[in-house]
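Number of protein chains: 2
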Amino acid sequence: MTDAQDIRAGEVPLDFDPAGRAHAGVTFIGRIRSDWSKGNAPRNISQAREMGGGDPRIELDPAYAPGLQGLEVGRPIWLLYWMNRGRRDLILQAPRHAPEPRGVFALRSPVRPNPIAMSAVVITSLDPKTGVIGIDATDAFDMTPLLDIKPWMAGIDIPPCI
Amino acid sequence: MTDAQDIRAGEVPLDFDPAGRAHAGVTFIGRIRSDWSKGNAPRNISQAREMGGGDPRIELDPAYAPGLQGLEVGRPIWLLYWMNRGRRDLILQAPRHAPEPRGVFALRSPVRPNPIAMSAVVITSLDPKTGVIGIDATDAFDMTPLLDIKPWMAGIDIPPCI
Chain Y
1 MTDAQDIRAG
11 EVPLDFDPAG
21 RAHAGVTFIG
31 RIRSDWSKGN
41 APRNISQARE
51 MGGGDPRIEL
61 DPAYAPGLQG
71 LEVGRPIWLL
81 YWMNRGRRDL
91 ILQAPRHAPE
101 PRGVFALRSP
111 VRPNPIAMSA
121 VVITSLDPKT
131 GVIGIDATDA
141 FDMTPLLDIK
151 PWMAGIDIPP
161 CI
Chain S
1 MTDAQDIRAG
11 EVPLDFDPAG
21 RAHAGVTFIG
31 RIRSDWSKGN
41 APRNISQARE
51 MGGGDPRIEL
61 DPAYAPGLQG
71 LEVGRPIWLL
81 YWMNRGRRDL
91 ILQAPRHAPE
101 PRGVFALRSP
111 VRPNPIAMSA
121 VVITSLDPKT
131 GVIGIDATDA
141 FDMTPLLDIK
151 PWMAGIDIPP
161 CI
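Sequence order for the protein chains is Y and S.
For the first sequence, the residue numbers in the UniProt record's numbering are 1 to 162.
For the second sequence, the residue numbers in the UniProt record's numbering are 1 to 162.
Please keep in mind that the hints were generated in silico from the structure rather than gathered at the bench.
A couple of the hints might just be wrong.
Identical chains share a label here; the pair holds if one copy fits it or two copies do between them.
Each computed DMTMM-like pair below joins lysine to aspartate or glutamate, with the alpha-carbon atoms no more than 25 Å apart [as the list claims (entries may be wrong)]:
#, residue 1, residue 2
1, K38, E72
2, K129, D6
3, K129, D17
4, K38, D127
5, K129, E50
6, K38, D15
7, K129, E11
8, K129, D89
9, K129, D142
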């Protein structure tokens with residue numbers, strides 16, 4: 001991952017690596033399957049929706065499949081997943097779309113102290129026996145480790161100022 | 001935490017503890033400050049907003065404060081935090097509000113394989129020097145460990161079926 005170690009002009013690293021300061025452990029409960037890998041991935045999930053195709057889905061580890069009870073096709077859900085390919089210490093970042101460097105907490109960049117990404121997607125198929133869940137789209141690379149699935153709820157997930 | 005080990009009728013544990021299977025580590029970047037502790041906490045963030053008061057805020061560890069650059073008062077943000085008080089192995093749960101047990105992935109319960117919670121809140125004050133961020137409300141206990149702050153974005157965070 002040499003290229004992930006590059007720093008652009010204006011970018012600032014922390015003076016320590018958050019990856020070396022684990023306060024708690026996460027477990028991978030499955031993986032996201034997609035057609036995307038480094039080089040061909042959409043910029044974001046909106047672009048992934050426009051591109052369509054592929055067979056975006058979740059493969060839950062079978063032990064967790066009973067946890068799907070109560071979900072159904074058409075329901076919006078959150079996927080939380082682990083973006084484990086980049087560095088974790090860039091506190092100021094210079095994305096190509098921004099005129100000047102920004103703090104990591106003002107960006108949705110996968111490069112962050114805890115590389116947890118979240119996507120709101122819609123269930124398109126559901127097999128509670130195998131733990132395979134079709135979803136309408138994803139911008140995650142194939143085999144991205146999954147951390148959690150939660151029901152999306154308008155009353156919680158839309159902030160009051162919107 | 002003896003009471004957290006109780007199981008209600010219809011609840012089913014995994015045959016292993018996800019807490020014992022760490023595939024990656026998270027680091028705590030600060031904490032949520034609130035008036036809430038076990039016994040007096042609101043049921044959810046909507047109720048916390050109705051109750052009002054307190055002085056809900058984030059105390060970011062000072063090293064991470066530069067990461068706030070680009071955020072401002074009035075902006076909606078996500079807080080991701082670590083709900084570390086419960087067990088992690090209940091795959092079917094029987095919440096008091098539900099007529100029958102449900103899978104953990106159909107619930108927003110803090111009891112889950114990876115106890116990562118998320119709240120959409122609004123910034124009410126911001127001091128990039130100290131890393132203290134006032135927020136409109138929280139239902140998190142005082143001193144809950146913070147994992148991440150991200151900008152809330154309608155184009156990503158509202159699923160297409162809504």
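How the hints compare with the structure:
In the homo-oligomer, the alpha carbons of K38 and E72 never lie at most 25 Å apart, since the shortest distance is 32 Å inside one protomer and 33 Å across protomers. In this assembly of identical chains, the alpha carbons of K129 and D6 never lie at most 25 Å apart, being 44 Å within a copy and 27 Å across copies at closest. Only between protomers do K129 and D17 lie at most 25 Å apart by alpha-carbon distance; the minimum there is 21 Å, versus 40 Å within a single protomer. In this assembly of identical chains, the alpha carbons of K38 and D127 never lie at most 25 Å apart, being 29 Å within a copy and 37 Å across copies at closest.
In this homomeric assembly, K129 and E50 never come within 25 Å of each other (Cα to Cα): the closest approach is 31 Å inside a single copy and 41 Å across copies. Within a single copy, K38 and D15 get their C-alpha atoms no closer than 28 Å, and across copies no closer than 36 Å, so neither meets the 25 Å cut-off. Proximity of K129 and E11 under a CA criterion of 25 Å is satisfied inter-copy only: 19 Å between copies versus 47 Å inside one chain copy. In this homomeric assembly, K129 and D89 come within 25 Å of each other (Cα to Cα) only across copies, at 19 Å, whereas the closest approach inside a single copy is 40 Å.
Taking the closest pair of Cα atoms, K129 and D142 come within 25 Å of each other only inside a single copy of the chain (22 Å); across copies the shortest separation is 40 Å, beyond that limit.
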